[in-house]
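Number of protein chains: 2
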Amino acid sequence: MEHILSAGFEKLLNIGISLSSVQNLDELLDMILSEAQFLTNADSGSIYLVNGDTLIFKTSRSNTYFKKWGEAKTKQVFKSFEIPITKESIAGYVTITGKTLNIPDVSKIPAEAEYKHNTNFDIKYGYHTISTLVTPMMKHDGTIIGVLQLINSQEADKVVPFHKEHERIIMSISSQAAVSIVNVQLTEQLKSSYLDTIFRLSAAAEYRDKETANHIKRVSYYARMLAEKLGMDKEKCELIYWATPMHDIGKLGIPDAILQKPGLLTDEERKIMQYHTVIGAMILKGASSEVLAISRLISLSHHEKFDGTGYPQGIKGEKIPLEGRIVAIADVYDALSCKRCYKDAFPEEKVLSILKESSEKHFDPDLLKIFLDNMSSVNEIKDKYADTEKDFENIRNIESIKINELQG
Amino acid sequence: MEHILSAGFEKLLNIGISLSSVQNLDELLDMILSEAQFLTNADSGSIYLVNGDTLIFKTSRSNTYFKKWGEAKTKQVFKSFEIPITKESIAGYVTITGKTLNIPDVSKIPAEAEYKHNTNFDIKYGYHTISTLVTPMMKHDGTIIGVLQLINSQEADKVVPFHKEHERIIMSISSQAAVSIVNVQLTEQLKSSYLDTIFRLSAAAEYRDKETANHIKRVSYYARMLAEKLGMDKEKCELIYWATPMHDIGKLGIPDAILQKPGLLTDEERKIMQYHTVIGAMILKGASSEVLAISRLISLSHHEKFDGTGYPQGIKGEKIPLEGRIVAIADVYDALSCKRCYKDAFPEEKVLSILKESSEKHFDPDLLKIFLDNMSSVNEIKDKYADTEKDFENIRNIESIKINELQG
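From first to last, the protein sequence lines are chains A and B.
Quick note on the working numbering: the first sequence kicks off at 5 and runs consecutively.
Quick note on the working numbering: the second sequence kicks off at 5 and runs consecutively.
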């Protein structure tokens with residue numbers, strides 16, 4: 005037994021460190037489970053997280069099924085499971101009571117036990133569950149956020165009960181895991197609030213220009229897609245996605261009389277209108293955040309043209325920041341392909357021919373080629389975030405707003 | 005020795021868990037240091053973090069000085085220190101080489117060693133450093149983010165060298181600490197970017213109404229101060245602080261012709277103008293984020309009056325959400341006490357008498373009393389975020405913007 009404890013000691017320290025360095029929930033859960041499986045020599049295992057009054061299978065690993073189905077399919081099959089939290093199931097019992105269950109043989113659970121082994125799964129997939137070790141994942145304050153279940157500990161190719169020492173190791177991993185999971189969830193929540201705030205405030209600002217909230221979304225998704233297809237790293241693609249919604253924020257500095265003028269602008273008015281790029285960069289200037297720094301670049305450069313005939317600086321080619329060249333394509337494509345209050349959507353054929361004609365003139369030809377080579381992704385985004393008639397209803401039509409519904 | 009290892013085992017597991025649950029950097033560093041001190045029976049200790057080419061003392065603990073000066077003063081005194089990262093200092097040597105130094109007696113460091121003990125500190129504060137244990141705090145990828153230094157291990161009231169076992173324990177704590185520190189720093193960066201984004205976009209939206217960016221800041225700080233003095237929990241105060249900047253975001257839906265009209269509005273125009281509260285709530289509606297939910301409440305209710313004569317709903321008393329009652333005071337106080345483009349700042353006496361007259365009519369009398377009881381905090385905020393003449397320069401004065409400076 006001594007070697008288990010001693011190996012466990014080193015391992016636990018490293019797990020604590022590793023866990024807290026993972027920032028993605030799925031990766032984190034897989035790592036926790038994989039370590040737990042390794043330390044207990046378990047054939048299979050699952051992590052369930054509490055969601056209201058159900059437990060959701062978040063990740064599963066199984067040597068047997070990995071061999072039989074491969075890793076991807078196994079995870080897919082198991083991921084869809086969800087069980088109610090009641091004392092009748094083993095995982096539910098552990099969630100409710102906070103007790104660890106170390107069951108040597110699930111077929112010999114005493115009849116008087118409150119829980120029983122659900123055989124549906126074994127029957128459906130031809131698995132033979134014998135021993136199982138199930139521990140709650142508990143936060144500092146005692147809240148149980150999920151359950152770690154290990155199945156069929158192996159010794160010399162035979163299924164054996166989990167050792168007493170395994171209990172201690174797994175309980176320790178579970179509480180470390182709980183903290184890391186909560187941390188990652190908090191960070192994910194924070195990020196999603198941040199992104200939601202950017203989209204809402206940017207969309208609200210665009211509203212004066214009669215753009216819909218979906219316009220902002222489509223342009224941002226097109227930009228991210230282009231960045232991905234260009235092979236930019238994942239983090240940079242996310243930054244571009246977050247930064248793009250703010251590309252027109254400088255329009256807040258343009259008076260209604262110009263921004264909303266029907267018909268052609270005078271030279272003087274056009275000059276002022278073009279300054280939205282510069283005003284946007286002013287608003288975003290001097291921020292320490294990477295998102296805002298990229299947003300500033302995009303604001304300043306998304307109306308530059310590849311041949312140097314754009315504004316505000318008239319820079320050309322690769323002098324125009326890559327992010328600006330990306331958003332230029334995304335923004336113009338959206339303007340052409342979607343309905344605006346002053347025009348209908350152009351047919352796809354016409355849109356593509358306008359874009360192609362503008363290659364090397366308005367657009368970076370390499371980027372444009374990538375964009376056009378990925379029209380199926382483009383169309384997917386376009387359809388997913390299509391404007392409805394309702395989006396065009398003016399929110400200035402204020403009488404129709406039901407104030408009661410806003411009180412929440 | 006066995007008991008050290010065994011105590012260390014349990015402790016280390018718990019430390020790993022505790023560390024990853026702390027979300028505030030100062031608290032985290034203090035906890036790391038306190039545990040390290042406890043496990044090695046050290047009289048004193050410091051944590052330094054790498055900042056460019058210097059090491060900054062981030063936190064210190066010392067039984068000797070805590071007794072002599074108390075905890076607060078000790079931390080204050082030590083916090084101001086900063087040393088260059090060179091091999092000549094012990095901490096610098098550890099930072100550069102990544103080696104742990106366990107020095108039994110600093111007065112006996114061999115002359116050929118690259119580092120030496122800097123006696124300035126001992127001389128200045130009358131301390132007598134003998135033994136020291138200094139370990140690097142290293143991330144997974146090998147980057148050293150700081151150094152943990154322990155001084156004068158005690159045994160039976162005598163200073164003794166640190167044990168070999170202490171080295172192992174402290175190295176392990178240090179690497180757990182490094183991960184936790186980096187996590188907390190990342191979260192703090194994310195939060196500060198988020199907050200910066202809210203303030204910038206909100207300020208930009210207010211710009212159409214000729215409000216300065218500082219107006220948004222002052223109102224948000226007043227609101228947080230009131231929430232704090234009311235005794236709301238820290239997290240709620242922060243939420244109010246984050247949510248307040250967006251209280252007028254609905255003005256994006258009000259046309260320039262009304263928003264910027266000089267002189268009095270017609271009844272119809274006033275009705276439209278008042279709808280900025282409702283439009284704001286529409287923009288913020290349905291968000292899952294707590295910040296935006298509170299912001300929506302504030303937007304909808306910050307023009308309600310305590311006697312029910314406000315808008316848009318004309319609700320009264322405690323039917324008006326507390327957050328709205330708070331921002332009402334903050335917003336009106338700021339309008340009265342600061343210069344606007346259409347009016348000068350009122351003298352403090354006049355501001356206070358207007359507020360007092362409005363108690364129970366416009367404002368919640370209990371909240372107003374708290375506000376008025378804390379005029380020193382109010383004035384501090386007012387002075388810190390005072391508008392300068394430059395803030396009133398119109399950014400529409402676009403010719404003066406230097407585009408080159410925006411390219412960054």
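Check before you lean on any hint, since a few could be wrong.
In this list, chains with the same sequence are indistinguishable; a pair is considered to hold if it fits within one copy or across any two.
Claimed, not checked - Restricting the straight-line Cα-Cα distance to at most 27 Å, the calculated cross-link-like pairs of lysine-lysine (DSS-like) are: (1) 289 / 388; (2) 265 / 275; (3) 373 / 323; (4) 343 / 238; (5) 320 / 406; (6) 91 / 195; (7) 240 / 320; (8) 238 / 214; (9) 221 / 195; (10) 214 / 289; (11) 373 / 214.
Quick caveat, the hints were computed from the structure, so don't treat them as lab data.
All figures in this text were calculated on a predicted structure; none of them were measured in a lab.
Exercise. List in ascending order the numbers of the hints, as given earlier, that are violated by the structure.
Key: 4, 6, 8, 11
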